[in-house]
Amino acid sequence: MLAFTLRRAVQAIGVMFAVGIIAFSMFRFAGDPVNQIVSLDTPAAEREAVRKSLGLDDPVPVQFIRYFADAAQFKFGVSYQFRQPVSALLMERMPATLELAICATIFAMVLGILMGVYSALKRDTMLAKLFQAVSLIGISLPTFLIGILLIYLFAVTLGWLPSFGRGEVVKVGWWTTGLLTLSGLKALIMPSITLGLFQMTLIMRLVRAEMLEVLRTDYIRFARARGLTTRAVHFGHALKNTLIPVITVAGLQFGSVIAFSIITETVFQWPGMGLLFVQAVQNVDIPIMAAYLLMVSLIFVTINLVVDILYTVVDPRLRSTVGRAA
Amino acid sequence: MTEPVLSVRNLQVEFASRRGTLRAIDGVSFDIAKGEVLGVVGESGAGKSVTGLAVIGLIDPPGRIAGGEIHLAGLRIDNLPPEEMRRVRGKRIGMIFQDPLTSLNPLYRVGDQIVETIRTHLNLSEAAARRRAIDLLAEVGIPAPEKRIDGYPHEFSGGMRQRVVIALAICAEPELIIADEPTTALDVSVQAQIISLIKRLGRDHGTAVMLVTHDMGVIAETSDRVAVMYAGRVAEIGPVQDVVKNPLHPYAKGLMGAIPTLAGDDKRLMQIPGSMPRLSAIPRGCSFNPRCAFAFDRCRVERPEPLARGAQSVACHLYDNVPAESAA
Chain D
1 MLAFTLRRAV QAIGVMFAVG IIAFSMFRFA GDPVNQIVSL DTPAAEREAV RKSLGLDDPV
61 PVQFIRYFAD AAQFKFGVSY QFRQPVSALL MERMPATLEL AICATIFAMV LGILMGVYSA
121 LKRDTMLAKL FQAVSLIGIS LPTFLIGILL IYLFAVTLGW LPSFGRGEVV KVGWWTTGLL
181 TLSGLKALIM PSITLGLFQM TLIMRLVRAE MLEVLRTDYI RFARARGLTT RAVHFGHALK
241 NTLIPVITVA GLQFGSVIAF SIITETVFQW PGMGLLFVQA VQNVDIPIMA AYLLMVSLIF
301 VTINLVVDIL YTVVDPRLRS TVGRAA
Chain C
1 MTEPVLSVRN LQVEFASRRG TLRAIDGVSF DIAKGEVLGV VGESGAGKSV TGLAVIGLID
61 PPGRIAGGEI HLAGLRIDNL PPEEMRRVRG KRIGMIFQDP LTSLNPLYRV GDQIVETIRT
121 HLNLSEAAAR RRAIDLLAEV GIPAPEKRID GYPHEFSGGM RQRVVIALAI CAEPELIIAD
181 EPTTALDVSV QAQIISLIKR LGRDHGTAVM LVTHDMGVIA ETSDRVAVMY AGRVAEIGPV
241 QDVVKNPLHP YAKGLMGAIP TLAGDDKRLM QIPGSMPRLS AIPRGCSFNP RCAFAFDRCR
301 VERPEPLARG AQSVACHLYD NVPAESAA
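The listed protein sequences derive, respectively, from chains D and C.
Start counting the first sequence at 1; every next residue gets the next number (full-length UniProt numbering).
Start counting the second sequence at 1; every next residue gets the next number (full-length UniProt numbering).
These are computed hints drawn from the structure, not numbers from a lab.
Just so you know, even glycine gets a beta-carbon here, dropped at the ideal spot from N, CA and C.
To give an idea of the interface, some chain D residues facing chain C are shown, with a C-beta separation under 10 Å as derived from the structure:
#1 Asp218
#2 Tyr219
#3 Phe222
#4 Arg224
#5 Leu228
#6 Thr230
#7 Gly236
#8 His237
#9 Asn241
#10 Ile244
#11 Asp315
#12 Pro316
#13 Arg317
Using the sequences plus the hints, can you model the full thing?
Next comes the structure, spelled out in structure tokens:
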């Protein structure tokens, strides 16, 4: 078990190293960084001074090692547009993105699993068919359109919810949270639905398909032949077996929730990392783009690792084969 | 004779399909007495398993029991409300399925699955149910049961898993056990152990056993009586030594002729020409007539009803009291 975790951790570091190379090469291929820092009429001597002060005259491998060593300590250089350390900017924005992503994922998981189980168990009812139809809409409508429709309905027409921003936030240590104020919670509703709707429909369809599959297995038939109650068969035996693939997908989807949040954050002017990234792209602010790339990959890699470990917790068969292989 | 544990009368099971209703079981009747083992034998698709599932009430839509009656120790069970039938399953009828590898939920310890079943049917505390589970595992021949009870199904071999499945089937002391091909997925050496285990359990507890198999050897070794099924009907039923030594129905004769013997290596195994009809194309009259060497006109028109011949009962016009010119 420990060996398995360590092996996966080493693989994760390998992936991060590869992403680091890509992030670093962005600086080399997106033009001369010095040109982006200084103004057009800066004399050549001054440019050289800037170049030297930034260490850009060192050989490329030395620069790369320095960049990687800094990145490992969450130092990503200084933003061209804000003239502030990138890590400080990211840290300031991260709570907004994470709160949004977590709320969206909880929304997607809870509703997705409930609707999926219902439509598998009562597959011929009107409600189950309605869920199927709605899920088709959720899968096919693009995120920004759902966001705009929600804003039109609940913010513009009904005026119930704010159309943009995070509302009032409270500082807990360095973390700013919108979960403790009413306006913060109200501001969270529409972006969470917008961001989580696709995942919800995905999870619902996955749970439904898996559940139907599991209900056909021999051990479910045997559980019924043992005279267990319907509830024990459905929720004790079938649901647990259904959740294994759901954990994987939901876990991996959490990464894309964070990545997709770029669009949702733009639509709702949500002050998170995604919005920061979009602004950075518009202003060719490479340190922010590179740092964002690294952060998102780190989140993806971490989630993958956690999902692998969770797997072995749920499925005993994996636990022993993993133990034997190690 | 006292009342049989299981009494099936004129059972009919139908499956609704796109091409109309298919009748998988058509007028099957048999009894099983206390402590008796009834072997049910026949080719794949003859309706053996469906009969077992009908008795335990697990025919899933689009299938349904279309007619007949099933009585368990006097109680009619084919039309019980689902919740009452659930209480009968596992408590009064235990079932063993074919594949022990897939019968157990892989995510739960075997002990948890046994305790869960015990506590569903018997009013026992967690600790008492666990003690009972250990006793059951010991009874079905699992070594070191107090240790193995906390193992997961994948940590057991096929034969050991089938023993766990049997422990699950008998955990509430049922009056009837339905064993659906319990040895088909197992090694030959393990098969013998499982068969003698089922036989011993039936004897020790006075449990009636319905043993579904296509293996005549298993039937001959285990059963008291045997029912030969063909295309959803009982072709012949009787004491096992009579049916094996002196089969009456041409199909039963064919089946017995197809058993290899160690001594008879000088002649080829007998083979029944053709194959069993599909449910959508069961011939008129006797369903066996296209494959039967003794078929005559009446077989192609009229369906034979069971006729008593000593202890045996056979559904064949050859034995009808009305003499037929070509009777063998």
